[in-house]
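Colleague: So you can see what is in the structure, the chains are spelled out below.
2 protein chains.
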Amino acid sequence: MARRGFLLVLSSPSGAGKTTIARGLVARDRQLLLSVSVTTRPPRPGETDGLDYHFITRARFEEMVAQGELLEHANVFGHFYGTPKTPIAEALPAGRDVVADLDWQGTQQLARVVADDLVKVFILPPSRAALFERLKARAQDSAATIAKRMAQSAEETSHWPEYDYVIVNRLIATSIAGVLAIVAAERLRRGRQTGLADFVRRLGAD
Amino acid sequence: MARRGFLLVLSSPSGAGKTTIARGLVARDRQLLLSVSVTTRPPRPGETDGLDYHFITRARFEEMVAQGELLEHANVFGHFYGTPKTPIAEALPAGRDVVADLDWQGTQQLARVVADDLVKVFILPPSRAALFERLKARAQDSAATIAKRMAQSAEETSHWPEYDYVIVNRLIATSIAGVLAIVAAERLRRGRQTGLADFVRRLGAD
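Protein chains in written order, with the numbering used here: chain A, 1 to 206; chain B, 1 to 206.
Calculated from the structure, these hints are not laboratory results.
Don't take each hint at face value.
If chains are identical, the list can't say which one is meant, so a pair holds when it fits in one copy or spans any two.
[Claimed, not checked] Subject to a maximum C-alpha distance of 20 Å in a straight line, what follows is the list of computed SDA-like cross-link-like pairs (lysine to any residue):
1. 136 x 4
2. 136 x 204
3. 136 x 69
4. 148 x 204
5. 85 x 132
6. 85 x 95
7. 85 x 204
8. 85 x 159
The structure displayed is predicted, hence computed values, not measured ones.
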C-alpha cells in the first residue's frame, strides 16, 4: 500500500531517556530513519560525528540557516542546534518514517512546516529523583550544567500538553515497546495510506 | 496512571473478517471487553446466546429503544440489532476499553454519543474474490443472502474514508497485531490519561 511517511518527535526533560528510546527504536525497526541534528557544541567523550550529531562550525551553521537547510534551529546554553531538512524531505514522500529527538521549541517550529506528517511523543521521568540520578550518571556534564538542566527540566516538562502521546519512562524496554506501537498504529492511519482510494477502486472492479 | 477507556469500533463489509478480528483481540488482551449486541434475528447454528449476541424478542427490543438502553440500533435485512449502553457506560470511566463490531450506520450513531472516546477502524478485504469466497465458506447463509451481502458490501466499503485507521486483512494474525498496536497506542494518547496533570504536579514537588 502506497503510504506517506511521518516524522515522530520525542521530547522530554534532559535525562528522562528520549535519546536512549530513539536509539532503541531505530535498532528494532529498520524502516525507521534517525534524524541526526547539526550542532556547534564540541563533541562529548564517546560521541561520534555523523552518528550522535553532525558537529559543524558556527560559520557552516549560519550558512545552513541562510540557505533554508534546517527545518528548525535553536540556541541552547550558548550552543546552536538544528534539524537538517534534506533527509526528512526525501524520506516522507517515499513512505519512510523518521525519528527525531527534539525539545519543545524545536517541536513547535517543526509543527509549522511538517503539520499533518508530525507525531509528537512526550517522555516523562518516573520521578524527580530519578531524573536527577540519570543526569548525575551522565558524568560528561559538569555540576553547574546539571543544576541548569534541572531548572530547565521544569520548563520543558510544562509543555507535555502540546503532545499527542505521553509515556512515563519507568522501564526503558516498556517505553520502547510503547513507541513502537505508536509507530505501527500511525502507519495504519487512513490519512497516511495514500494508495487506499486506488485500492478500493480496484476492489470494486476485480 | 488514571485513564479513561475508549470504544474501538471495527467495521467492514460482511465477510472481510471483523468478527474474527474482534474475537482475536479480546482473547489476546484480557483488558479488552467485547460489546455483545442484541438482535431479534434467530441464532445461526453454533451461535451462543450472550456470547455471539443477546437474542431477544421484538417486544424486548422495542422496550430497550424506548428506555434509551441502546447506544445505536438498526434494521438490517429485516432484523433488528443494537448496542447495549450499560456495559460501555460502566467500562469507559473505569479505564476499561471496549471492542464493538458494527456497520457504518451504527458507527455514525455512536460517534454522536461517544465522540472523543471512539476509535474507528475499517477492515478491507484483500480482493473482491476473497470476500466472495469467505461469504460462501459461511455455509449458514443462503445463496440469496450471499448475493444481497455482496451488493451491500460495495456500499459498506464506500464508507472507509470516515474511519481513523484502515487495515487490509490479508493475514488474520497480522491484522490482529495491527489492531493491538492501535489499542496500545490509543492508551498512550495524552487526552485519555486523565491522571497526567496530577502526576506532573507531583513530579515538580517530590
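Colleague: Determine for every hint whether it applies to the structure shown.
Modeller: Status of each hint after checking the structure:
Proximity of residue 136 and residue 4 under a CA criterion of 20 Å is satisfied in neither setting, with 41 Å inside one chain copy and 36 Å between copies. Within a single copy, residue 136 and residue 204 get their C-alpha atoms only as close as 61 Å, which misses the 20 Å cut-off; across copies the closest is 18 Å, which meets it. Within a single copy, residue 136 and residue 69 get their C-alpha atoms no closer than 35 Å, and across copies no closer than 57 Å, so neither meets the 20 Å cut-off. Proximity of residue 148 and residue 204 under a CA criterion of 20 Å is satisfied inter-copy only: 15 Å between copies versus 61 Å inside one chain copy.
In this assembly of identical chains, residue 85 and residue 132 lie within 20 Å of each other by CA distance neither inside one copy nor across copies; the values are 33 Å within and 47 Å between. With identical chains, the CA atoms of residue 85 and residue 95 are at most 20 Å apart within one copy only, with a shortest distance of 16 Å there and 41 Å across copies. For the homomeric pair residue 85 and residue 204, neither the shortest alpha-carbon distance inside one copy (40 Å) nor that between copies (35 Å) is at most 20 Å. Taking CA atoms no more than 20 Å apart as the test, residue 85 paired with residue 159 passes in neither setting, with 24 Å inside one copy and 37 Å between copies.
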